[in-house]
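J.: Place chain H on chain C using the hints.
2 protein chains.
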Amino acid sequence: MDFRELARKRRSNDHFDPTRQISDHQLEELFEFVALSPSGYDLQPWEFVVVRDPANKARLRACAFNQPKVTDASAMVIVCGSKDPARHAERVFADSVAKGYYTPETGKKSVERVTKWRERSEEENRVWAVRSSALSAMSLLYAACDMGLASCPMEGFEADKVRKEFAIPEGFEVVMLVALGYEAKPNRERRMRRPYSEIVHHEKFRA
Amino acid sequence: MDFRELARKRRSNDHFDPTRQISDHQLEELFEFVALSPSGYDLQPWEFVVVRDPANKARLRACAFNQPKVTDASAMVIVCGSKDPARHAERVFADSVAKGYYTPETGKKSVERVTKWRERSEEENRVWAVRSSALSAMSLLYAACDMGLASCPMEGFEADKVRKEFAIPEGFEVVMLVALGYEAKPNRERRMRRPYSEIVHHEKFRA
Numbered sequence: 001m002d003f004r005e006l007a008r009k010r011r012s013n014d015h016f017d018p019t020r021q022i023s024d025h026q027l028e029e030l031f032e033f034v035a036l037s038p039s040g041y042d043l044q045p046w047e048f049v050v051v052r053d054p055a056n057k058a059r060l061r062a063c064a065f066n067q068p069k070v071t072d073a074s075a076m077v078i079v080c081g082s083k084d085p086a087r088h089a090e091r092v093f094a095d096s097v098a099k100g101y102y103t104p105e106t107g108k109k110s111v112e113r114v115t116k117w118r119e120r121s122e123e124e125n126r127v128w129a130v131r132s133s134a135l136s137a138m139s140l141l142y143a144a145c146d147m148g149l150a151s152c153p154m155e156g157f158e159a160d161k162v163r164k165e166f167a168i169p170e171g172f173e174v175v176m177l178v179a180l181g182y183e184a185k186p187n188r189e190r191r192m193r194r195p196y197s198e199i200v201h202h203e204k205f206r207a
Numbered sequence: 001m002d003f004r005e006l007a008r009k010r011r012s013n014d015h016f017d018p019t020r021q022i023s024d025h026q027l028e029e030l031f032e033f034v035a036l037s038p039s040g041y042d043l044q045p046w047e048f049v050v051v052r053d054p055a056n057k058a059r060l061r062a063c064a065f066n067q068p069k070v071t072d073a074s075a076m077v078i079v080c081g082s083k084d085p086a087r088h089a090e091r092v093f094a095d096s097v098a099k100g101y102y103t104p105e106t107g108k109k110s111v112e113r114v115t116k117w118r119e120r121s122e123e124e125n126r127v128w129a130v131r132s133s134a135l136s137a138m139s140l141l142y143a144a145c146d147m148g149l150a151s152c153p154m155e156g157f158e159a160d161k162v163r164k165e166f167a168i169p170e171g172f173e174v175v176m177l178v179a180l181g182y183e184a185k186p187n188r189e190r191r192m193r194r195p196y197s198e199i200v201h202h203e204k205f206r207a
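Quick note, the sequences are listed as chains C and H, same order.
For the first sequence, the working numbering begins at 1 and goes up steadily by one.
For the second sequence, the working numbering begins at 1 and goes up steadily by one.
The following block holds chain C by itself, in its conformation from the complex (with noise of 0.2 Å):
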């Protein structure tokens, strides 16, 4: 669909139809575009948790206060990221020193670089880990809207109860929760939206 029509149609959906399934040829087709979404340094610290079986999901409701939707989507999806920076270092700068984006020098320094990350604080590598696994999130509720499929992104969920109930290491920050499948009611009119005039400053913060 036309980028801009896609913008216009997606919503995020509260009521999804529990009667139908989504495949894994679907869910191939969808990360195939996640998967290309920008990250600091090319690092992906993302990983996804897609949660299909009914027991499952209703194990998910309930660290997600009980919220309808998460067993009413044919798939929960789990948004993971890395709070190690330099989880996939080696091989991430290895193919950029290949490509000819770095020389081999400059590949093993920024190896260093990142591996040096590990020692900042919890809460920098919270923010890092959320920030570039928001980017793949957006991806995933336009490819899934693209592929016609109802999305909410949600972020009301206990993360200590999620990370128990799905085996997430410590490592992992549970960034958000992403409902998939198929609407079962329209929504709504849009809610409002901030407008231009509000949200953007020109040459400095317009306090």
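Hints are supplied without guarantee of correctness; some may be wrong.
Any copy, or any two copies together, can satisfy a pair, since identical chains are not distinguished.
[As the list claims (entries may be wrong)] In silico lysine-lysine, DSSO-like type, Cα no more than 27 Å apart, as pairs:
1. Lys164 x Lys204
2. Lys204 x Lys109
3. Lys9 x Lys185
4. Lys9 x Lys99
5. Lys161 x Lys99
6. Lys99 x Lys116
7. Lys99 x Lys109
8. Lys108 x Lys185
9. Lys161 x Lys204
10. Lys9 x Lys116
11. Lys99 x Lys185
12. Lys164 x Lys108
13. Lys109 x Lys161
Quick caveat, the hints were computed from the structure, so don't treat them as lab data.
Note that this is a predicted model, so its numbers are computed, not measured.
T.: Below, chain H alone, put in the same frame as chain C:
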């Protein structure tokens, strides 16, 4: 442009043509799509400082490890996020009540809930601000590409310096920079992407 074509075409550009400008009209077009991004509770924490003046781009470059693309880009966007979740709560929930999403009672409770988030740790509210603001940044990257603009998200900058130089108040996180402009030189081959089999976990995290 068709979304799939757009997602495959969009790249992080390193080289911008310093002779070309971006007009007010282009910015207005671009931010229409940015504003349609989702956010937690529709609270839209995002603010964007658009820097086009050459002297200001030079000041920003000095905050970003002297990267040439900061001055070569036609416009630099400083993506900020409010760390006060309740900043727009009254009007956002009033709109939701008016459109029938909530009863007046649940609207009032929602304002109260979000206002209580002010008591969360600074760290939690930073993560909150980055999460939704990064979603909008991904929309910015797609919308720019759709308009024939090159772009590059950047996390290599000194946030405190950016804050000082561009009068960004303490209550706002500097989430990332986005360079916007015209491609001066085509990109090399796209860097490796972690494959589906690695990033997608089924039913639980596969450590």
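J.: Next step is simple, just say for each hint if it's right about the structure.
T.: Now for the hints, and whether the structure bears them out:
Proximity of Lys164 to Lys204 under the C-alpha cut-off of 27 Å is restricted to the inter-copy arrangement: shortest distance 10 Å between copies versus 44 Å within a copy. Proximity of Lys204 to Lys109 under the C-alpha cut-off of 27 Å is found in neither arrangement, the shortest distances being 34 Å within a copy and 35 Å between copies. When the C-alpha separation of Lys9 and Lys185 is checked against a cutoff of 27 Å, the pair qualifies only within one copy, where the shortest distance is 15 Å, while the shortest distance between copies is 34 Å. For a Cα distance limit of 27 Å, the shortest separation of Lys9 from Lys99 across copies, 18 Å, qualifies, whereas the shortest one inside one copy, 38 Å, does not.
In the homo-oligomer, the alpha carbons of Lys161 and Lys99 never lie at most 27 Å apart, since the shortest distance is 42 Å inside one protomer and 33 Å across protomers. When the C-alpha separation of Lys99 and Lys116 is checked against a cutoff of 27 Å, the pair qualifies only within one copy, where the shortest distance is 24 Å, while the shortest distance between copies is 50 Å. Taking the closest pair of Cα atoms, Lys99 and Lys109 come within 27 Å of each other only inside a single copy of the chain (17 Å); across copies the shortest separation is 54 Å, beyond that limit. For a Cα distance limit of 27 Å, the shortest separation of Lys108 from Lys185 across copies, 25 Å, qualifies, whereas the shortest one inside one copy, 53 Å, does not.
Taking the closest pair of Cα atoms, Lys161 and Lys204 come within 27 Å of each other only across two copies (13 Å); inside a single copy the shortest separation is 42 Å, beyond that limit. Taking the shortest Cα distances, Lys9 and Lys116 never come within 27 Å of each other, neither inside one copy (43 Å) nor across copies (33 Å). Proximity of Lys99 to Lys185 under the C-alpha cut-off of 27 Å is restricted to the inter-copy arrangement: shortest distance 16 Å between copies versus 48 Å within a copy. Taking the closest pair of Cα atoms, Lys164 and Lys108 never come within 27 Å of each other, the shortest separation being 37 Å inside a single copy and 33 Å across copies.
In this assembly of identical chains, the alpha carbons of Lys109 and Lys161 lie at most 27 Å apart only when taken from different copies (24 Å versus 39 Å within one copy).
Hints 2, 5, 10 and 12, counting from the list given before, are not met by this structure.
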